[in-house]
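Novice: For reference, the chains in residue letters:
Protein chains: 2
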Amino acid sequence: MSGMAKTPEPPYYAVIFASQRTEGDNGYGKMADKMVELASQQKGFLGLESARDEGLGITVSYWDSLESIKVWKENSAHKAAQDKGRSEWYKNFALRICRVERHNFFEM
Amino acid sequence: MSGMAKTPEPPYYAVIFASQRTEGDNGYGKMADKMVELASQQKGFLGLESARDEGLGITVSYWDSLESIKVWKENSAHKAAQDKGRSEWYKNFALRICRVERHNFFEM
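Protein chains in written order, with the working numbering: chain B, 2 to 109; chain P, 2 to 109.
A couple of the hints might just be wrong.
Copies of the same chain are indistinguishable here, so a pair counts whether it falls within one copy or spans any two.
Lysine-lysine pairs mimicking DSSO-like chemistry, simulated, CA-CA at most 30 Å apart [unchecked claim]:
hint: 1; residue 1: K74; residue 2: K31
hint: 2; residue 1: K7; residue 2: K80
hint: 3; residue 1: K92; residue 2: K35
hint: 4; residue 1: K80; residue 2: K31
hint: 5; residue 1: K74; residue 2: K7
Simulated from the structure, these hints should not be mistaken for laboratory data.
Given only the sequences and the hints, what does the whole structure look like? Please build it.
Specialist: Structure below.
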């Protein structure tokens with residue numbers, strides 16, 4: 002999933018996940034794909050945008066409510082991935098929970 | 002600037018800018034660097050995170066208030082860059098203004 006997210010009218014919620022990876026793949030790529038697929042099947046999921054370069058990775062997922070974000074956070078497969086993230090995949094990360102107040106789209 | 006942003010305790014604000022570029026550089030890289038430098042000098046600027054791959058670019062800037070975001074939006078050099086963005090550099094983009102409610106940092 003490498004496109005732009007089509008989200009409904011605000012307000013809705015965004016989870017901004019910025020990370021720096023450890024060296025090597027160590028099963029990360031496969032798990033990341035699986036988590037995107039699983040997230041997109043959750044109740045309240047609105048879309049996802051993701052980009053990664055040498056410096057940093059940023060994934061933003063969009064949700065209808067804080068409750069949906071909480072349920073996804075507690076998902077057992079997601080929790081297992083979070084544990085692997087802390088122990089193996091990420092040198093560091095920042096996770097931010099936001100309320101989207103306004104948005105604006107442009108298409109050429 | 003390719004690192005993680007060190008932001009103060011919430012609440013604060015995030016501008017999530019996701020974009021897909023047109024072909025070729027066309028002066029984009031130089032202007033992007035200049036805009037990051039200029040943004041970081043603005044009153045209320047708290048930090049910036051940016052990543053780009055073949056699919057998508059995501060830049061998140063953090064601010065102390067909606068007022069600071071508005072002043073930066075109206076900055077004349079930034080306005081000129083916005084015009085070039087619409088006419089030349091971007092196939093499409095989404096801009097979202099958010100209030101960061103919570104954050105969580107991890108360092109290995």
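Novice: Indicate, hint by hint, whether the structure satisfies it.
Specialist: So, going through the hints one by one against the coordinates:
1. K74 - K31: within (19 Å within a copy, 39 Å between copies)
2. K7 - K80: both (27 Å within a copy, 25 Å between copies)
3. K92 - K35: both (21 Å within a copy, 29 Å between copies)
4. K80 - K31: within (16 Å within a copy, 41 Å between copies)
5. K74 - K7: The answer is both: 22 Å in one copy and 23 Å across copies each meet 30 Å.
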